[in-house]
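> One-letter residues, chain by chain:
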Amino acid sequence: MSTSSDTRPADARTTGLEVVGLSASYGPVTALDGVDVSAEPGRITAVLGANGAGKTTLLRTISGLVRPTAGKVLLGGRDVTRAPAEMIARAGVAHVPEGRGVITELTVEENLRLGALLGSSRKRTRQQLDDIYTMFPPLAERRGRHAHTLSGGERQMLVIGRALLSGPDVLLLDEPSLGLAPRIVAQIFGLLRELVDDTAGERLSVLLVEQNARSALSIADVGVVLNLGRVVAVDSAAALAADDGLRHAYLGF
Amino acid sequence: MQQFLNVTLTGLAQGAVYAAIALALVLIWRSTRIVNFAQGAMAMFTTYIALALIEAGQSYWVGLLVALVSGLVLGALVERVVVRRVEGGPELNAVIVTLGLFVGFQALAAILFGSTFVSFPAPFDLRGFTVGGVNIAFTPNSIFVIVAVIVVMLALVALFRFTNLGLQMRASAFSQEMSRLLGVRVGALLTLGWALAAVVGSLAGVLIAGGNLVSPNYMDAVVVYGFVAAVLGGLESPGGAVVGGLTIGLLLSYVSGYLGSELVALASLVILVAVLLVRPQGLFSHAAARRV
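The listed protein sequences derive, respectively, from chains C and V. Counting in this note's numbering, the first sequence runs from 1 upward without gaps. Counting in this note's numbering, the second sequence runs from 1001 upward without gaps.
The set of hints was computed from the structure by calculation and includes no laboratory data. By construction, the Cβ of each residue, glycine as well, lies at the ideal position given by its N, Cα and C atoms. There may be inaccurate statements among the hints.
[Claimed, not checked] From the derived model, a few chain V residues whose C-beta atoms are all more than 10 Å from chain C:
#  : residue
1  : Val1007
2  : Val1035
3  : Gly1057
4  : Ser1115
5  : Pro1121
6  : Ala1158
7  : Leu1167
8  : Arg1170
9  : Ala1171
10 : Leu1181
11 : Ser1261
12 : Pro1280
[What the hints assert, rightly or not] Just so you have them, the derived chain V footprint on chain C, three or more residues with Cβ under 8 Å:
#  : region
13 : 75-86
14 : 90-97
15 : 104-117
Looking at chain C on its own, in the form it has when it is part of the complex (with noise of 0.2 Å):
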């Protein structure tokens, strides 16, 4: 799946995401309060927590749209701390926002060239844009189709498989089941398992912010509980869904 990888140093592929005592303020409002978080390869990490923790200025900050207060972003251990969005995305970073970020105005095939143009041949992004189109049948039907006339479900295909085409090292997802239904995320989480499993995804280090922390814990390996801007837990995945005290406190379960 990833071209532009190939020219990265060796360590990029083992050492994932790193974050150190990242801190990131709106105005006099602080967002985040000295965030420790590591998402390793092969792994999904999920980063959970109530609305106004901190979860989406987190990711909002690795990829470089929130400039941070303090702390440090390591991307294979390159520190990419306040680096332009654009550049931490050519680092290897594919960030989904929240709410989708489909550009609707264009067709369903150009939102998957877009993810395809980091560093890809154009012959290669033809057989790319298939194996997407392979994984994700209903996105083949309507590839010459403006992508505002999508389903949210496909919608979401849509941005998961853009994200894929950049050949990322790591996926960072904001929300991914907002507003849908629960058989499409049980669907959708399934295959975001499927592809860290995958020994060919096996670099993919998953970062992945939910609300829906029942459903986010049950394909995770490990999770990390915001509250306030700060980190307040972070154990394996099965540990957090299992201590009832952290479960009603925090994630609402």
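Go by the hints and put chain V onto chain C.
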């Protein structure tokens, strides 16, 4: 009948130029949500550069080429040096800045090139064709004007439809943030967008100058008609800008031919008000669909 034919053909040639100006305005509006009030003044300035070369003994074609290249450079410089500071800020700031550029370019042109009327040569014959013994108002130069505008439009369509660069430009026009997350260098593309718009504007400037008199404010009326055309087309749609330009060219030509040329400016105002009252999103805009 002969007058109708004359008026229609003249309107088409004028409309092609308005379409080019409208297209320049649309290119900038789509990517930066700024109406570039300095578009006409920038085109005037590069037209004067062409005129200076032609008067120094160079051919019309060298002048045209240099005007287009200086448009490219001027558009990029204006975006990078001046407009970049007000992009994404309050809309009024951008309005004031482009109005300031408009005044500044006109003043600079008056200082450098003088403020009197000077004549600009036309590359082709300005005498009308003779059809069946009757002389019509359509000239070889009109054909050149229309063909030049069509060629530039087809080149732009090809750029936007069939190249990765054009795809990235469209993506950044629709969603800057998502484009950046996909690794698109939005900042560089905004500069390129302004540069291309200024090239199209420069072409319109030289075309409308051909066979006419130019002065530092000769583009003022043209850019107003171009703006009306862009609004008619919806400000968003390059295709709409072209149709809008041709429509305005024809309508104003009919007004001039049948009602009197002194009513042309008034008519363009009436059209503008009518469009804004009846269909403020323009004839070809997706704006209504996007608000959903």
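> Determine for every hint whether it applies to the structure shown.
Cross-check of the supplied hints:
1. At roughly 38 Å, the least C-beta separation between Val1007 of chain V and chain C is larger than 10 Å, which holds for a residue marked as non-interface.
2. Every beta carbon of chain C lies more than 10 Å from that of Val1035 of chain V, the smallest distance being close to 20 Å; the non-interface claim holds.
3. For Gly1057 of chain V, the condition that its CB be more than 10 Å from all CB atoms of chain C holds, with the nearest at approximately 46 Å.
4. Distance to chain C confirms Ser1115 of chain V as a non-interface residue, since its nearest Cβ pair spans about 44 Å, more than 10 Å.
5. The beta carbon of Pro1121 of chain V is kept farther than 10 Å from every beta carbon of chain C, the shortest such distance being approximately 43 Å.
6. Every Cβ of chain C is farther than 10 Å from the Cβ of Ala1158 of chain V; the closest lies at roughly 15 Å, confirming the non-interface assignment.
7. Non-interface status of Leu1167 of chain V relative to chain C is broken: a Cβ of that chain comes within 10 Å, the nearest being about 6 Å off.
8. For Arg1170 of chain V, the shortest C-beta to C-beta distance to chain C comes to about 7 Å, within the 10 Å cut-off, and the non-interface label is violated.
9. With a least beta-carbon separation of about 5 Å from chain C, Ala1171 of chain V fails to lie farther than 10 Å from that chain, contradicting its non-interface assignment.
10. The Cβ of Leu1181 of chain V does not lie farther than 10 Å from every Cβ of chain C; its closest approach is about 5 Å, which violates its non-interface assignment.
11. With a least CB separation of 41 Å from chain C, Ser1261 of chain V remains clear of the 10 Å interface cut-off, as annotated.
12. Taking the minimum C-beta to C-beta distance to chain C, about 20 Å, the non-interface status of Pro1280 of chain V holds against the 10 Å cut.
13. A count of 3 residues in the region 75-86 of chain C with a Cβ less than 8 Å from any Cβ of chain V is obtained; the coverage claim is therefore met, three being the minimum.
14. With a cut-off of 8 Å between beta carbons, the region 90-97 of chain C has 4 residues touching chain V; three or more are needed, and the interface restraint holds.
15. Coverage of the region 104-117 of chain C by chain V holds in this model, with 8 residues showing a Cβ closer than 8 Å to a Cβ of that chain against a need of three.
Hint compliance for this structure: hints 7, 8, 9 and 10 are broken, all remaining hints hold.
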